[in-house]
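Asker: Listed below, chain by chain, are the residues.
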Amino acid sequence: MSRWLLRRLLQAALTFAVAIILLFFLMRLAPGDPLSRLAADRAMSERELEFLRRRFGLNEPLGAQFRAFLGGVAQGDLGPSIEHYPERVTSLLASRLPATLLLGGTVLLLNFTLGTWLGVRQAVRRGSRFDRWLTRLALAGYATPSFWLGLVLVAFVSHRWRLLPAAQMIDPLLPLDAGPWVRALDLLRHLILPALTLSLTSIAIMMRHQRAAMLAVFRLEYVSAARARGLTERRVLWRHAWRNTLAPMITLLGLWLPILVSGSLFVEAIFNWPGLGSLANDAIAARDYPVLLGTAMLVSGAVVLAALLADIGYTLADPRVRQG
Amino acid sequence: MIARRLLAPALLLALASVAFARQRPTDHGSMVIMMGGEPSTPIPTLLGMKANNDVSDLLFLRLARPGAGRRIADERGYEPQLARTWSRRDSLTLIFELDPRARWHDGVPVTAKDVVWSFARLRDSTVDPARALLLRHVATVTAENDHRVVLRFRRAYPEQFYDATWQVQPLPAHLVDTIPPSRFAGSAFVQRPVGNGPYRWVRREPGRQLELAAVPSFFLGAPKIDRVVVLFARDADARMNLLLDGSVDAYEGVPPVSGPPRLARSPAYRIETQPSFDLVYLLFNQRAYGDRTRPHPILSDADVRRALAMGLDRTPLLHSTYGAYARTADAPVTGAHWTSPLVPRGVGYDPSGARALLDRRGWMDHDGDGIRDKNGVPLSLRLNLFSSSPTRTIMAPQVQEQLRHLGVQIEIVRLEGAVWSARRAGGEFDIDFSGTSMDPSPSGIVQSWTCAGRGGSNVGQYCNPAVDSLLERAMTSTANTPANWRAAYAALQRDMPAVFLASPVTLFAVHTRYRNVTIRPESFYSSIWRWSVDPARRIARDGLGPTAR
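Just so you know, the sequences run in chain order X and R.
Note that numbering that gives the first Met the number 0 has the first sequence beginning at 0, numbered continuously upward.
Note that numbering that gives the first Met the number 0 has the second sequence beginning at 0, numbered continuously upward.
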């Protein structure tokens, strides 16, 4: 197990390193001067721009820029942002990560609890009206563009019924000294619509996987044997059948985890949610290489880590994988 | 059970808010302003984008500002700000007496030294060449004592007072004079500016919002809007959604076609329209694509440029984009400029005249492919477009279609911001779909439409010394000024360096609970310290006082 784990860790580290190298050089291939927007937004003089060019090493050859970047990474410092100069990239990422984790985590939680439960119920009532309608609804949600659904939800829930705020993560006028309960309630009110939008358009994947996995398990003999032993249907369902569907669900979770940090570009834009997705989007438009690299590193790191965790989880759930 | 647990703190909070709100004067309140761009550096020497200007005007005062009539050439029409009074020694010398009550937000008095230092910084062409060009007529700025500033000009001209007061917002010399110009943008002062205006800096969360608080001891009168939060949202839908759900109190970017009907259903807002200083135009490159050493093979011919202008019907173009909220522009002048009525009528829509003109210049469809050509060169041009601009994105295909009927092939090159800016600055375009926010003075024209502006804002490399001379005369003559402006505009129109399309009207949505609402086209929010809240119509957030420093 330890040799397998070591080999897997080395593979993950190598994948991450290759991703970083590719990201660094591919970004530099994109046309456009990274300081042009800064110059336009801030009316900076040529002297100031030249100072910043030197500060960001933009006049250096690519190799020297890459060495400087690796040196910074080794020290845990990704340098200052170009667009938000002199703000540090690490502090920008740290300020945006909680918003993304909150939104992504809520969606993940919703999809893996509600999605799992609904998928199991569908499998149990296979072919029923409940199963057919839920399948149709879930697929309709999956086929719906998230930005469109977001706008529709805002139009009704926020504008017509005045139930929830249309955008933002917190009330901009919330006093700095507001208590934790007030803050939590305010956050919850702002979280519901974006989380619902993302969840409604993605929960179908979870439901369909869970339903298919349960149906496959229902056909196996040990489930019939459990029933024959007189166990309650609830026990058969959750203790025996569902537990054996966990392995493919772990793989699915591994695929979902990166969403936690990558954020959703459209939904973050519509709801003005201050996450990493919108930060990356702004960084692309501004050619803010340091921020772009920072977000890309975070996302690729999450992908590699999620794949690693999924492999480990899968191995723990099914030892045959490790042996194979 | 959980509901009960939540209910108690919620009730307590509500009671506390009501009690607190009662302690505050009843016409005070808060304001949430929505912006599409982020005012990352609202510092007078680093303005650039409009969002920076809007916030800077709340933090920093000028010596004086144009009055409601916007008669910028008449110093009697100005309102005092940092300068309490002003006088003239002669036609070349202006004297400003600073208001001794004026203070920086750190408590230090505003002195003549601050004004002198700020003029010196902005007149340095290595620091800000565009501003230095606008201040080229200022010869010296000196302090006669702590509160008297003397400006001496090189020549007499009508807008001396405007140049002296509008172009420079003084900075606190005691805080910034040790910062080298090259390091100013990254300095701690820029991160947390100290101004002298009605509002002081509280905090900024990059990419999200910034917050200002009223200065109760502001020497021109305590603001009644105690707390101002500026939100940013890059997405236009998000901005309108925030407005429609009541989260925002003021927004100046209401979409001209879809916005008014949507807001009409919301009685909490009214729309104020203001002529803007914005101008939208198709800029012709006078030099070859990406090579400034050679003239443009097609567009260096003024007749071809004129034919393209004659082939464009601007009325449907503008109507589909702006509805009723734009006026046709005939020169680099907007509806908010005082010279607007002086602009001669430009070329009208005349497709048959345009075809005849192109024929005369040898551009004919020799090979029958629908595109005119001359000496084997097709009349084909690349139109660079900033893809994030919704209005220009609507207009570009219509321009392409209208010119196709003339036998002109237009290739629309959609570019994202950084690439568009780089290509514009590098002259890598045939036609650039440009949009600009102009100075309140028509003299700002020198930056983009004179020989001296080349290398700066004049990216089309248009240069005609005769036009320069006429513009200089219009800007500096004290007699026959309207006639001189008219002649300068007419000369510019003859050269047709661009097709001036529209001067949009700003649609400003503002919550109806505010009183004394005045909005100035040159600076939308600069008067909000005079606004107040109708006591009968206060809402919950008006009870929230300023945050701690």
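Calculated from the structure, these hints are not laboratory results.
Ideal Cβ placement from N, Cα and C applies to all residues, glycine included.
Any given hint might turn out to be false.
[Said to hold, decoys possible] Okay, the calculated beta carbon distance ranges per label pair:
#1 R:Ser124 / X:Ala183: 49 to 59 Å
#2 R:Gly434 / X:Asp76: 48 to 58 Å
#3 R:Asp290 / X:Leu5: 36 to 46 Å
#4 R:Arg182 / X:Arg159: 45 to 55 Å
#5 R:Gly36 / X:Ser1: 51 to 61 Å
#6 R:Pro294 / X:Val17: 41 to 51 Å
[To be verified] Listed next, the stretches of chain R that the computed footprint assigns to chain X, with coverage defined by at least 3 CB atoms under 8 Å from CB atoms of chain X:
#7 88-96
#8 184-191
#9 338-346
#10 429-443
Asker: Mind checking, does the region 338-346 of chain R have 3 or more residues with a CB under 8 Å from chain X?
Answerer: violated (count 0)
Asker: Does the region 88-96 of chain R contain three or more residues whose Cβ lies closer than 8 Å to a Cβ of chain X?
Answerer: It is violated: at least three residues are needed, and the region 88-96 of chain R offers just 0 whose Cβ sits closer than 8 Å to chain X.
Asker: At the C-beta level, are Asp290 of chain R and Leu5 of chain X separated by a distance inside 36 to 46 Å?
Answerer: 59 Å, violated
Asker: Can the suggested window of 49 to 59 Å be confirmed for the beta-carbon pair Ser124 of chain R and Ala183 of chain X?
Answerer: Holds: the Cβ-Cβ distance is about 55 Å, inside 49 to 59 Å.
Asker: Within 51 to 61 Å: is that where the Cβ-Cβ distance between Gly36 of chain R and Ser1 of chain X falls?
Answerer: 54 Å, holds
Asker: Could you tell me whether the CB distance from Arg182 of chain R to Arg159 of chain X stays inside 45 to 55 Å?
Answerer: 52 Å, holds
Asker: Take the C-beta atom of Gly434 of chain R and the C-beta atom of Asp76 of chain X, compute their distance, and say whether it sits inside 48 to 58 Å.
Answerer: Check failed, 38 Å falls outside 48 to 58 Å.
Asker: 41 to 51 Å was suggested as the range; check whether the CB atoms of Pro294 of chain R and Val17 of chain X agree with it.
Answerer: At roughly 49 Å between Cβ atoms, Val17 of chain X and Pro294 of chain R fall inside 41 to 51 Å, so the hint holds.
Asker: If you look at each residue in the region 429-443 of chain R, do at least three have a Cβ nearer than 8 Å to any Cβ of chain X?
Answerer: With 0 residues close enough to chain X, the hint is violated.
Asker: Holds or violated: the region 184-191 of chain R covered by chain X, criterion of 3 or more residues with Cβ-Cβ distance under 8 Å?
Answerer: Answer holds; 3 residues pass the 8 Å Cβ test.
The structure does not agree with the numbered hints 2, 3, 7, 9, 10 stated previously, though it agrees with the rest.
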